[in-house]
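Protein chains: 2
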Amino acid sequence: MINPKKKADLLFKNCKIVDVFNNRIIEDSLAIQNGRIMGFGEYDSETVIDLEGDYISPSFIDAHVHIESSMVSPAQFTKTLAERGVTTIIADPHEIGNVSGLEGIEYILKATEKLPFDVYIMLPSCVPATPFETSGAVLTAEKLKKFINDKRVLGLGELMDFYGVVERRKDIVDKIKIAEDKFIDGHGPVIRGKDLDAYISAGVRTEHECTTVEEMNERISRGMYILIRQGSAAKNLPELIKGVNKDNLRRILFCTDDRHPEDLIKDGSIDNNIRMAVNHGIEPIDAIKIASLNAAEAYNLKNRGAIAPGYKADLVVFENLDNIVAKKVYKDGKLISENGKTIVEFSEYIDKRVMSKVNIREISKEDIQIKFKKKDRSKANIIDIVKNDLITKNHIEEIELEDNLYNFSKTDIIKIVVVERHTGKSGVFSGLLRGYGIRDGAIGTTIAHDSHNIIIAGDNDEDILNVIREIDCMKGGIAISSRGVILDKLQLDISGLMTTRSIEYVDNKLKDMMKIARNLGVNEGVDPFMNLAFLALPVIPDIKVTDKGLFDVINFEFMEIEVE
Amino acid sequence: MINPKKKADLLFKNCKIVDVFNNRIIEDSLAIQNGRIMGFGEYDSETVIDLEGDYISPSFIDAHVHIESSMVSPAQFTKTLAERGVTTIIADPHEIGNVSGLEGIEYILKATEKLPFDVYIMLPSCVPATPFETSGAVLTAEKLKKFINDKRVLGLGELMDFYGVVERRKDIVDKIKIAEDKFIDGHGPVIRGKDLDAYISAGVRTEHECTTVEEMNERISRGMYILIRQGSAAKNLPELIKGVNKDNLRRILFCTDDRHPEDLIKDGSIDNNIRMAVNHGIEPIDAIKIASLNAAEAYNLKNRGAIAPGYKADLVVFENLDNIVAKKVYKDGKLISENGKTIVEFSEYIDKRVMSKVNIREISKEDIQIKFKKKDRSKANIIDIVKNDLITKNHIEEIELEDNLYNFSKTDIIKIVVVERHTGKSGVFSGLLRGYGIRDGAIGTTIAHDSHNIIIAGDNDEDILNVIREIDCMKGGIAISSRGVILDKLQLDISGLMTTRSIEYVDNKLKDMMKIARNLGVNEGVDPFMNLAFLALPVIPDIKVTDKGLFDVINFEFMEIEVE
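Just so you know, the protein sequences line up as chains Z and Y, in that order.
Oh and the first sequence: position 449 is 449 in the numbering used here, straight run, nothing missing.
Oh and the second sequence: position 456 is 456 in the numbering used here, straight run, nothing missing.
Here chain Z stands alone, though its shape is the one from the complex (with noise of 0.2 Å):
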């Protein structure tokens, strides 16, 4: 408790407070005291800083976000955030869930829970996604139970088996009833009308898949929060921000969900959201409170989000408020970041039970073997990438055999392979793959929504081999092989998701590694790794492949490649 009568710690003079409670500028001195706001105007302090007349703000809260989408451990992507004047997210460890388990919940928070910067948890509530592709883990309620009390797990994570709660399955019920008392996140984004009532009726409180404002409006009234998400792949703000007024306003949050290297170096995280709705016509002030107090107040974070007596002296000085742009992060009174560069330390965790995930027995020729009942030729069903986009087709065609075995006799129709990682005896299941353009070579990564086993494109036996035996040796990553060469390779041997390697190091990897795929002829309008880390995500049309077989997302059921 802020003690009236000791000194400040610290004074700000000079400084234009952000008032997210009346929409005002306050101008007028601050005063912090044990990582607090202790008051506004002149008080005795330790240190005194002068402002110049810069802005002071709440720093912000991401609402939803996956860190293991930026490919670094906690602490790079903490820092990363940092930089920007996010102090708080709201993470679903739903990707490492996915491949540790509990083991993955408790990594994540253990990892970040000395960091200068608060990292709260929903516990990821689809692990599996699917039972048509095999996890790393099975996270029942019971399991999640574990961590349900933890006072950085606010509840349970986006629900994306939408169909399961509308039926009130029973293991999804019972997911929902530990989080009774806490918070649900939802993700339901085509469901409409009763369904949507049904959804809504079992608890599920907000929604960061809309894509239109009629959407948006329909779960507003019902009550949902809107995260507004910009992320690398989706983009919301610029269509959703149109539905936002004074009315509505305190039911908006802003979120990324998911969000690259590339992106956060270049654009930040809700840094971006912020600027890009004041460009889109939102007072800053109120952009800020989407940020800031909106977050704080839905998830219930107590004393945060606005700049209050009692308050957390989380802040961000910036010096334009039509452009917010971090110059200086205070986080719980310290400064932890100057000109878009941390200085205090975010210092690493390493948890060996979740290094080394990849789990598996030696592949050889004969597993990655596509047989076909016929022996010549035979009428194959082909996945078929569709250009900048995540869905695919399928496709049909006759293709020529030898011995009944697919033998590349088609240039652009190449095999897809996912290799199961996680229980050491390797299920393989081998596709065809049309569009994705790579000549003399292989690429495979364990980035591989939602179970995340090894998937790999090849045109060739050898080089898909090569890629595997590599991912295994550095337990977990990107590989390109080439002519039997490995050309390049990204470690990422957290879970086969993250590395503790900088943000700036796998921006420059995963540039590099985009030339050699290019180079090699992966097709434009084909992203090499981000297409193929979706090849296997069983809920995404029309066509994937998992290490249980070819899926029929359409009908959704297995199917056979050969075509009879």
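Accuracy of the hints is not assured; some may be wrong.
Since the list gives no way to pick out one identical chain from another, each pair is judged satisfied if it fits inside one copy or across any two copies.
Stated by the list, open to error - Below, in silico cross-link-like pairs of lysine-lysine (DSBU-like), each with a Cα-Cα straight-line distance of 35 Å or less: (1) 242 - 379; (2) 341 - 170; (3) 365 - 5; (4) 379 - 235; (5) 246 - 16; (6) 341 - 375; (7) 246 - 194; (8) 302 - 242; (9) 194 - 13; (10) 182 - 146; (11) 387 - 235; (12) 515 - 13; (13) 393 - 194; (14) 334 - 373; (15) 246 - 328; (16) 114 - 379; (17) 365 - 334; (18) 194 - 7; (19) 7 - 177; (20) 114 - 170; (21) 373 - 6; (22) 393 - 328.
Hint data in this document are derived by calculation from the structure and do not stem from the laboratory.
Given the coordinates of chain Z, assemble chain Y onto it according to the supplied hints.
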């Protein structure tokens, strides 16, 4: 949880649903199941009610009220409010706490547990209010702890001892600490600047004592919720509503604080705040939002204060958005009131421990004498009533004595007697009072803020003693005696503060007694009962009387009657 596969229990057709999230009217049907909102639109339903185009909105919340001020039991009080569209209150049992301590709080909790109405409790933080009078209980942090984890206890009630808060006095800090994870209500009307910051930084989150827009805005900017009060004595709405706008609206709540029977019957409760706000230019949906969603959000009352799937079906039906008068009121989906009359039972709960709380010895004529050092005449400090106000002035005048005792030689200077009623020892103190105006009689009451000892004003000792005997006999209440005869009385046997009789009975009785008091000469501009009730409160200037003596509020110390 709503079961989407089952029928609705109730379907409202042809309704204009008030959407407090998007500030719009949705013309649709509304389904209820198991006491909760099931969804919008057509549903199979057991019962269908055609609202014929009426509005339906969330019912109202009084964010701060003392049930005791109504002089009726919790059952009678909530019944009265339910008829007005209020179905949730946040009550501070400060008065009964001063008389009956923890048993008083427990009584309020138990007496409201099974009502078709939600009563939440803030634990009274200042019992006793001052050390200058004898209360029925001393509620330390250690004692209050007993209830802090009750689901219906939201935190710590109005921290009136703002000086103790600002000074971080240990007993106050201990109380704040037990409520740290809950909520703390404020009561610090006069403080500004650094004192205000120190008060708020202790964790105080509301203020209901604002009287000006400037005071209100200063507090909103510092993170406080402002409860705009329209009570029986304090009527702040017309002034404060001027400062409400779309930006700060979410920080505004409504309360009544203290509301007397006549006003409750005539103008209502929070419905009155709503109508007044609309008359002062607030958009009707905003006024409803202040009275519902805002209070629910501020006090973290989940799934309440709006019409949304999964929310409690606490609803009000009314005809006219510009003049909101509850036509039907639903609690948990059940009709409880129609056309201003409840149609379900509000059962009384009797707890013997809070009845018969007038614990006095036989009071004799000697007990109520005022002795002077001088024999025949002396100058005396006399409490001077200020008309139409609760403050008093100190009037010094030379009075005639008879054998060192005051003998009612001047007809406008009467006795004001306080009899301590909690310990059985009955400390008695008698002072002098001017401006009350009674002739040949005495009026006494067990409502005497904040310790609620017996206070009697009279111009002769016989009637004063007669009133004391009558109050003792009826175990608390208000009585009027003239020439040795009890002319009328109101029994308040629940801790000397409330009765289980109806609010109409109390209102009629008070009106009858008011007439009698006026006939006995009580001056216009003086409320014979309310002025009496505040004469023993040693925090309202300038001069008051308690069981311990005459109190100088300006210098905050006891004073002698005799001026030497």
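Query raised in the report: Failing hints, ascending?
Result: Failing hints, ascending: 1, 2, 3, 4, 6, 12, 14, 16, 17, 21, 22.
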